[in-house]
Amino acid sequence: MSVNASSETYLERVGIVDKSREAYQAAFDISTENMQPTHPIRLGLALNFSVFYYEILGSREQACELAKKAFDDAIAELDQLTEDSYKDSTLIMQLLRDNLTLWTSDNTEETEEGREN
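Take the sequence shown: its position 100, counted from the start at 1, is 100 in the UniProt record's numbering, and no numbers get skipped.
If you're looking for bench data, these hints aren't it; they were derived computationally from the structure.
Treat the hints with care, as some may be off.
[Unchecked claim] In silico EDC-like cross-links for lysine to aspartate or glutamate, where the CA-CA straight-line distance does not exceed 16 Å: (1) K69 to D98; (2) K19 to E33; (3) K69 to D18; (4) K68 to D98; (5) K69 to E12.
Using the sequences and the accompanying hints, generate a full structural model.
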């Protein structure tokens with residue numbers, strides 16, 4: 001593979017990632033304007049968008065911030081959950097919480113490793 005080909009591949013990837021982030025952001029904005037914080041689609045989008053921040057963009061801080069806000073907003077309105085969406089919503093909330101626990105423990109481990117070096 002030539003340098004030009006690898007540069008083009010890298011630039012294509014950057015463009016795709018940026019367009020993906022823009023699409024996630026647009027969908028997330030629409031969901032926050034039109035759906036309750038406990039709505040399974042809104043929660044699922046927050047879950048996926050936070051994983052995108054963490055895995056694709058490498059932004060643990062933004063991933064945690066988004067997941068925590070979605071979780072906290074849903075907890076605040078948990079009493080308004082309908083019976084139909086209760087199971088789906090609480091499952092996604094658990095996944096958000098699991099990711100937050102994992103991501104913050106990763107951060108703690110890296111901080112401790114930095115102190116040891």
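Each hint tested on the structure:
For the hint pairing K69 with D98, the CA-to-CA distance comes to about 14 Å; that is within 16 Å, so the pair holds. A distance of roughly 21 Å separates the Cα atoms of K19 and E33; the hinted pair therefore is violated under the 16 Å criterion. In summary, the hint linking K69 to D18 is not supported, as the alpha carbons are separated by about 23 Å, beyond the 16 Å threshold. For the suggested pair K68 and D98, the alpha carbons sit about 11 Å apart, so the restraint of at most 16 Å is met.
Distance restraint check for K69 and E12: the Cα-Cα separation of roughly 32 Å exceeds the 16 Å cut-off, and the hinted pair is therefore not satisfied.
When each numbered hint is compared with the structure, violations occur for hints 2, 3, 5.
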